[in-house]
Amino acid sequence: MKLILLGASHHSAPVGLRERIDFSRRGVPEALSVLSEISDITEVAVLSTCNRSEIYAMCSNPVSVGQVLVSFMSSYHDVPESELAPHIYIRHDTDAVRHLFRTAAGLDSLLVGEPQILGQVKDAYTTASQHQCTGALLNRLFHWSFAVGKRVRSETGIGEGAVSVSYAAISLARKIFGSLKERNVLLIGAGEMAELTATHLRSQEVHQIRVASRTAARAAALAAKVDGETVPWENITTQLTSADIIVTATGSTTPIVTRRDIDVVMQPRRDRPLFIMDIGLPRDVEPSSGDIEQVFLYNIDDLRSIVQENLTRRQSQLDSGELLVEEEVDRFVIWLRSRAAIPTVVALRRRFESIRSSELSRLEPKLASLSPESRQRVDEVTRLLVEKLLLAPTEHLKSINDQEMVAAYADALNHLFNLPDKSSDNDAEKRPRLIPPVARSPRTR
Amino acid sequence: MNTFPFALYLVASVSYAVHFARRSESAGRIATVTLVLAALTHAFVIGMQTMQVGHIPFVGTTGAVSAFVCLLALAYLYSEMMTDERAMGVFVVPLMALLQVIPAITNSVAERPPSLDSPWFAVHVLALLCAYASFALACVVGVTYVLLFKELKAKHLGFFYARLPSLQVLDQMNSRAVSVGWFFLTLGLVVGTVWLLQVQSNTTDPRIQAMSLLDPKIFIVLLCWVVYSFALYARRSIGWSGRRAALLSTFGFTVLLLNFVPVSYFVTQSHNFY
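Keeping their order, the protein sequence lines are chains A and B. No gaps in the numbering here: position 311 of the first sequence is 311 in this note's numbering, and each next residue is one more. No gaps in the numbering here: position 267 of the second sequence is 267 in this note's numbering, and each next residue is one more.
Take these hints with a grain of salt, some might be off.
With a cut-off of at most 30 Å between alpha-carbon atoms, the simulated BS3-like pairs for lysine-lysine come out as follows [claimed, not checked]:
# : chain 1 : residue 1 : chain 2 : residue 2
1 : A       : Lys122    : A       : Lys150
2 : B       : Lys153    : A       : Lys181
3 : B       : Lys217    : A       : Lys181
4 : A       : Lys2      : A       : Lys181
5 : A       : Lys181    : B       : Lys155
Calculated directly from the structure, the hints in this document are not laboratory data. Bear in mind the structure is a predicted one, so any value in this text is a computation, not a measurement.
Start from the sequences and build out the full structure, keeping to the hints where you can.
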């Protein structure tokens, strides 16, 4: 059994095509039910986000399954194959494992380190698992990817720092005030940016949001959206006094709030901090206001440069993240290869056990005179003998990383101990393996 | 015996530094556990010394420094538990390791002159040591406040922004530490004065006779009391909080630290019981 990944993402396909091949439009379960009907596929999962549509499948012939999956994507989404094919990528085995691990860790995301993707990978697995589309290998692979995602996030700074202007503003406010629950917010202007910031602030459960706009109707509309109240435009300077956070986003060509206004406001506030986000262009707050003690004035460029710094910092963590992913891919592959030896180990143990049992049966007449305790002792001693004989070969077989070497050992053992060619397990075929079956070894476990 | 706690303080310092620099949770846990072990070992050492000489080894700068470090460790651990914030450790714990060098090298307990055999004396020293520990915490919190404040004002968010709690939290911690410290400082000074009035007329010990407002150690500690009293007054009545309060507490503790070590060893005529 081999792992195959087929998909398209923001790296390979334009947004128009990504929208058309989005599995969530018709529902992932429906796609899973069609995919699980494909004869060579034993396990399958579908990862569908706004930036990627991917199918992970276990099969015995990845070349033909790859073709089948391209045709499936084409017919399922009603996109001509000729249009789809150039934007599709196909990965096999280790490359597919690496791709999933990178995706779960956010290394493959449009916004590097974004946290949603890990949840989306988990959802993809849960859906596939609930529809009985996963087996031993995809189960292990996906759970491993969750751990990789967490590890990369906790051991690198890949997910740190705000990467949007409005979130950067909230992070700043929290760094100044701690909890924002008792803080009053004054919004001056009711544009799109003001609304976005106000929505974020509302999610932080700020005490009160007041909205002032030259157009009273727009102020009322925004106030209603963010559960705030409106204040008359003429009263802005008096409203400044009670605000801890001021967001200005008007189209005014002259400053709305002057240094003198802030000086007046800060007198009764004394050393209580005041955070001003001036996201208007041209600026709404006189820049020298930021020189006043305990006034933290950030304009749109300041916030953008913070976002840029955070993005750069995240990019600088990419290499560390890639190294961690590579380490985990190696570990996963070692685990997989150790599984390749399992059928041989099981067959060997069965062979030894059958010899032991038949020898004990043959000696049955001679052992009949022994007491039950002594017979039990004989049974135990022979069992221990077999265990000890097999201990070193078992461990050695499991520790071999080289696939060809495992096959060579298995071949030798099959010949030396006359191991059976086929497994007697009925469910062996349902247990897929990434590594090709070892020659003439039974496919158990 | 003081070498064991010193070694543990050193390990804890390194662990807190690793935790701060790499934001490693496991290093943080190791740091806290090591510091708890250091404080317990230190308390055990002080307990053993108490059994050995029959009184708490507060007498002399060495004993006082050792007790101060132990109290500072306990005060810091308390604040770490209360705020669930380990970032301060990198600033406080190295100070403990540094000061613990003195008892680790000296490693002897000063004899207590008969004139100091009074419960008033014990309360006086213990209260002042608690005050010093609180002021040390306030100072460290103040320094971190200023560092974060500068980053926020300069709009260059980096190292401290990513690692320190909010300005508001730091300001509250500073305010509490200064209030607690001021209470103990006042208590220590009042008890010391009462005890001095009792013993000064009955003893010929020149060190006790030298205790007056003009003695450098007493003069400076009173100056500190004025500084911290002003800090409290300024916060409540003038509205000085934030950076100004942080700088005041840092200034106050710098003076205290000078008084605690160099003045005690080399200048004062009154408090040199070593």
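What hints, given by number in increasing order, does this structure fail?
Hints 3, 4 not satisfied by this model.
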